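**Q** Given the coordinates of chain A, work out where chain B should sit on it, guided by the hints.
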Amino acid sequence: MDTALTILLDGLVFSSYLFIVSLGLTIIFGVMKILNVTHGSFYAWGAYAAAFFIGLAANAGWPDWVGFLIIFASAILVGVVLGLILERGILQFMYHRDEVLIVLATFGTFLVLEDVILLVFGVDPYFAFQPMQLLGAVELGGIARDAYGLTLIGLAVTLALGCWLALKRTRWGKLLSAVIFDRELSMSMGLNVTRVYIVTFVLGAILGALGGAYIAPTVSVAPGFGVDVIVLSFAVVVIGGMGSVPGAMIGALAVGIVRALAVHKFPQFELFVIYAVMATVLVFRPEGLFAPVKARKI
Amino acid sequence: MRQFKKAAIAAVVAAALAPAGMAVAQDKPVKMSVVAFLSGAAAGPFGVPSRNGAEVVIAAINAGKLPAPYNSKGLAGREIEAEYIDEAGGNTKQVAEYRNMVEKRGVDVALGYISSGTCAALTPVAEELKKLTVYAICGTPRIFEEAKPQYVFRTMSHATSDNVAAAYYVKEHFPKIKSYTAINQNYAWGQDSWRDFDASMALLTKAKASAKLQWPKIFQGQYSTEISALLLDKAELVHTSLWDGDLESFVFQGQTRGLFKKKKVIFTVAETSVYRLGKRMPDGLVIGARGPYGAIVRDRPSALNKWFIAAYKDRFGQYPSGPAYQYAQAVLAVKVGYDAAAKKAGGFPTQDQVIEAMKGAEFESFSTNVKMGLGNGHQAVTENGYGITKWDAKAGELKLEKVKFYPAECVNPPEGVESVEWIKGGMKGAKC
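For the record, the sequence lines run as chains A and B.
Per our numbering, residue 1 is the first one in the first sequence, and the count goes up by one each step.
Per our numbering, residue 1001 is the first one in the second sequence, and the count goes up by one each step.
Looking at chain A on its own, in the form it has when it is part of the complex (with noise of 0.2 Å):
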């Protein structure tokens, strides 16, 4: 019994991650098609952001609380000023260019932020363990759980309700969906798509940031950080169905259980497990489990 609580919570709090990192990633590619490698530099961002400035709060000796509000207030800091440099500084530019060209020039600029990291914070790791240290462990399933990686599974269904109340019950998020569905027809209505564009992009900027930004306070922050994200991501959105909210969630859920599920039965099977759901779904569904329907133009 203790085993499959533990499981199940293992499963929820890496499905969880998963979920917050992918989201901005669906986000941007369900609106503006655009598959973006830059991702994982937000996810690094935000993360460097949240850890320098936690460790600045703590040797100015304020209260480790305050590491919370750091880490959001660092992921819409680096969310707003990265994604509104990319935006409006290279991909407006590309907009009517090949997807593969899109790609390539977010991974590109992937290649230069992971430099400028190394610029800015040098090679040394930085640690932000201030947050976590302060919420301590509880005991779950026999055994002690950080309560920190608990609150992940807070902040993802937070994110989740938020983004369904947005889309569905906001006169922005149809607006969104009018642009998702035909981005030429909703043109042609008068709908101002390049603000469209520019608020997508940078939400999910900011997303991806805040990913980062959570998860610095459980591990040692170094050069690198986003490269595995982007792996991990694309396979969560991919399996969900690219563009799909509900498609991340479930995809974030089916990865994180079954990984939990081989690190305690089968660990020996970690290592691809991902991948081996990925493939799975794949051949059953090439388009993924929540693929947005298409509308056939004629």
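Just so you know, these hints were derived from the structure itself, not from any lab.
These numbers come from a predicted model, not from an experiment.
Just so it is clear, CB atoms sit at the ideal spot from N, CA and C, and this is done for glycine as well.
There could be a bad hint or two in this list.
For each label pair, taking beta carbons as the anchor points, the in silico distance ranges come out as [claimed, not checked]:
1) B:Glu1364 - A:Leu84: 57 to 65 Å
2) A:Phe272 - B:Gly1429: 34 to 42 Å
3) A:Ile90 - B:Leu1232: 42 to 50 Å
**A** Chain B only, in chain A's frame:
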């Protein structure tokens, strides 16, 4: 007459330049590439101290300021011209970089390399290009056990000694341990480390290995699920060869969840974090330095050790950790080879003469004695040791207590015997 004047001037100029030209040719520096992780997760704990260690010793060699008996200037009298290369980017990139440095930039010695994967990939290339290559750290024993490279050397012990020493330490300090499990990165380094530790434990103790071992991928960083599995496992001891940022993430995550209070954990490489994490590293961790290096030998009173610590601290403002010692040792081994070869040859030696001199060499390094005792004289053996972390509030630093060293002949297989065969065969010939 005019023709004669021209010829005379040309002869004078040629005569004036000739000795200078010859002198330039004689004083041509030895080009050395020093390769270490300068970016990526391994840069902070491993790559940067490695480069720094090499830099301190290269500068001292060029100035002739190493303590005796290494106080002659340069390598066989010639200055070292060092270039520092990033090891990050994977094996394909490193192979291409190696070819560039040898074939295009004419490097005389390729030195360094931290990752076992990189060393395994480079060895056949080094043999193909016939270039003196000195591995400073990478741990997998397979390099000299699966082949007999002629141009490649490794100047510290391989992973077998780390894990045999770990098993001895467990046997002596925690004799009541009944079962053990592990978390190791899923590639050559992690797999070899576990293989040797498990085989040694089976030989030296009655403890049983857990059926469920954790194999996260390298640079994973997140260990929440693995820590849950370790906590649920009934094994009392956890073996790990985690290194770089992975090691430090694991320490933070494990500490929050009480892993180190519930289990005894033995880290084969964690010395790299002693100075970096300080108080943030919990008490009671059993840690090694992959040999007698770094914090584990800080109090050794030899002149070379005192000089190295002082020079490093003076240059970088901190104590040298294990990787700094290991790269410094690799550079020193090259000096030993060049100087011995030059003495024998009566002049600046060829590469083949240097290789011949390095084969089987024995020399005093900064913190220990090194013997190129395995792999037909190409693989070093040294003693190996472990200690237990304890925060010293008075001194304000993390210290190691109950430090125990095991002689090279105790924790390394004899020449010509593969590590696994040696351990499984009862460690015949071991002198402890």
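**Q** Now tell me if each hint is right for this structure.
**A** Against the structure, the hints come out as follows:
no.	hint	in the structure
1	B:Glu1364 - A:Leu84: 57 to 65 Å	60 Å, holds
2	A:Phe272 - B:Gly1429: 34 to 42 Å	41 Å, holds
3	A:Ile90 - B:Leu1232: 42 to 50 Å	48 Å, holds
The structure meets every hint from the earlier list without exception.
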